[in-house]
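Put chains B, C, D, E and F on the given structure of chain A with help from the hints.
Chains as they are written, first to last, in full-length UniProt numbering: chain A, 1 to 64; chain B, 1 to 64; chain C, 1 to 64; chain D, 1 to 64; chain E, 1 to 64; chain F, 1 to 64.
Hints may contain errors.
No copy labels: a pair is met if it fits in one copy or bridges any two.
Stated by the list, open to error - Taking lysine-lysine pairs in the BS3-like style, the calculated list, with each CA pair at most 25 Å apart, reads: (1) K62 x K21; (2) K10 x K62; (3) K43 x K10; (4) K10 x K21; (5) K21 x K43; (6) K43 x K13; (7) K62 x K43.
Treat the hints as calculated values from the structure; they're not laboratory data.
6 protein chains.
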Amino acid sequence: MPVITMEAAKLTKEQKRTLAKEFTETAARVTGLPEAGVYVFIKENELDNVGVGGQLISDRNKEV
Amino acid sequence: MPVITMEAAKLTKEQKRTLAKEFTETAARVTGLPEAGVYVFIKENELDNVGVGGQLISDRNKEV
Amino acid sequence: MPVITMEAAKLTKEQKRTLAKEFTETAARVTGLPEAGVYVFIKENELDNVGVGGQLISDRNKEV
Amino acid sequence: MPVITMEAAKLTKEQKRTLAKEFTETAARVTGLPEAGVYVFIKENELDNVGVGGQLISDRNKEV
Amino acid sequence: MPVITMEAAKLTKEQKRTLAKEFTETAARVTGLPEAGVYVFIKENELDNVGVGGQLISDRNKEV
Amino acid sequence: MPVITMEAAKLTKEQKRTLAKEFTETAARVTGLPEAGVYVFIKENELDNVGVGGQLISDRNKEV
Numbered sequence: 001m002p003v004i005t006m007e008a009a010k011l012t013k014e015q016k017r018t019l020a021k022e023f024t025e026t027a028a029r030v031t032g033l034p035e036a037g038v039y040v041f042i043k044e045n046e047l048d049n050v051g052v053g054g055q056l057i058s059d060r061n062k063e064v
Numbered sequence: 001m002p003v004i005t006m007e008a009a010k011l012t013k014e015q016k017r018t019l020a021k022e023f024t025e026t027a028a029r030v031t032g033l034p035e036a037g038v039y040v041f042i043k044e045n046e047l048d049n050v051g052v053g054g055q056l057i058s059d060r061n062k063e064v
Numbered sequence: 001m002p003v004i005t006m007e008a009a010k011l012t013k014e015q016k017r018t019l020a021k022e023f024t025e026t027a028a029r030v031t032g033l034p035e036a037g038v039y040v041f042i043k044e045n046e047l048d049n050v051g052v053g054g055q056l057i058s059d060r061n062k063e064v
Numbered sequence: 001m002p003v004i005t006m007e008a009a010k011l012t013k014e015q016k017r018t019l020a021k022e023f024t025e026t027a028a029r030v031t032g033l034p035e036a037g038v039y040v041f042i043k044e045n046e047l048d049n050v051g052v053g054g055q056l057i058s059d060r061n062k063e064v
Numbered sequence: 001m002p003v004i005t006m007e008a009a010k011l012t013k014e015q016k017r018t019l020a021k022e023f024t025e026t027a028a029r030v031t032g033l034p035e036a037g038v039y040v041f042i043k044e045n046e047l048d049n050v051g052v053g054g055q056l057i058s059d060r061n062k063e064v
Numbered sequence: 001m002p003v004i005t006m007e008a009a010k011l012t013k014e015q016k017r018t019l020a021k022e023f024t025e026t027a028a029r030v031t032g033l034p035e036a037g038v039y040v041f042i043k044e045n046e047l048d049n050v051g052v053g054g055q056l057i058s059d060r061n062k063e064v
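Isolated chain A (complex conformation) (with noise of 0.2 Å):
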């Protein structure tokens, strides 16, 4: 333990590398438990696959 998962559009391996450094590193400090222990799960969303308000972000940016 302890187990992160963040529900995102789709990222860069940069940015996923950085997610997983700070998360861990954040997790570790508050909890005091090892950073070894720590597994952080990127859910990279389609963005016809997630709906905010009502509508498909897909849908929503093409109004924008």
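Leaving out everything else, chains B, C, D, E and F in the frame of chain A:
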């Protein structure tokens, strides 16, 4: 809040639109919270990746 | 399949009834799958356990 | 990795021991990864919080 | 119910068959619930999307 | 979006404040998305409900 996640098989964009819209309406009406804050994540799973009754759905469908 | 999970705050039993019923109807109608196979999990979170905009909702509500 | 999560109703400690042990053995054997890295989360849900076929399990059980 | 989700790396179809079968058997035996109602979701993650100890597994594997 | 979920053991309110704040800052900075749209869910698990290496953490801690 709230956040709604649906695990399903492959869906069309139109199906995902309807799910996002209707889940959001239901959640906002029932909780009294604004639609704008409701997130919906639709997770499309390959039938090789879902088991029902101990059998992969892809295997089960071959028998039908 | 499908499985629907909603992350929310505390809800009444009546609210949970309505959510389970309506989410199931929507999912079955949109996917064409039988209602009997639709599972709904309602996750009630303490407001100390949910952050929005970097702030716990319990702290945010105190300011309102 | 891997991480296994089971959504269930209330369970005894003995049931949870067995689930954690056997899920870990299966996951390690099948993936070839060490048991030490396998996490199992058992999520106990109130029957008011789970819907099957559009009905809360607590309501459904009253009819049986 | 119950619903079991496993977060893992890429797996073969045979591995997924075994996981679905054995997780279902264990869950049904321990809970006393019918196998037919047990759902298993296997989530295959890219090694760029999983962090252990603050490092992406894909980066970690390059060092080995 | 994004939504961050952390599975952990029991935490103090101060720990949860820090986690919500720092996870949100990291996610907003890395993705370029506004903090206001970042949700954080902190899931506190009983040590009877988490297995590591096939053993419940509550059992493992008794041996230490």
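| task | First find the shortest C-alpha distance between K62 and K43 inside one copy, then the shortest across copies, and answer within, between, both or neither for a cut-off of 25 Å. | result | both (23 Å within a copy, 22 Å between copies)
- Query: Using 25 Å as the alpha-carbon threshold, which applies to K10 and K62: within, between, both, or neither?
  - Reply: both (17 Å within a copy, 23 Å between copies)
### Task
At 25 Å max between alpha carbons, let me know whether K62 reaches K21 within a copy, between copies, both or neither.
between (33 Å within a copy, 17 Å between copies)
Check: Is it within, between, both or neither when you check K43 against K10 at 25 Å Cα-Cα?
Finding: Cα proximity of K43 and K10: in one copy and across copies (9 Å, 15 Å).
**Asked** Given identical chains, is K21 near K43, meaning Cα to Cα at most 25 Å, within a copy, between copies, both, or neither?
**Response** both (16 Å within a copy, 21 Å between copies)
- Item | Intra- versus inter-subunit Cα pairing at 25 Å for K10 with K21 | both (18 Å within a copy, 23 Å between copies)
Q: Indicate which option fits the pair K43, K13 if close means a Cα-Cα distance not exceeding 25 Å: within, between, both or neither.
A: So K43 and K13 pass the 25 Å test inside a copy (13 Å) and across (20 Å) alike.
Of the numbered hints listed earlier, not one is contradicted by the structure.
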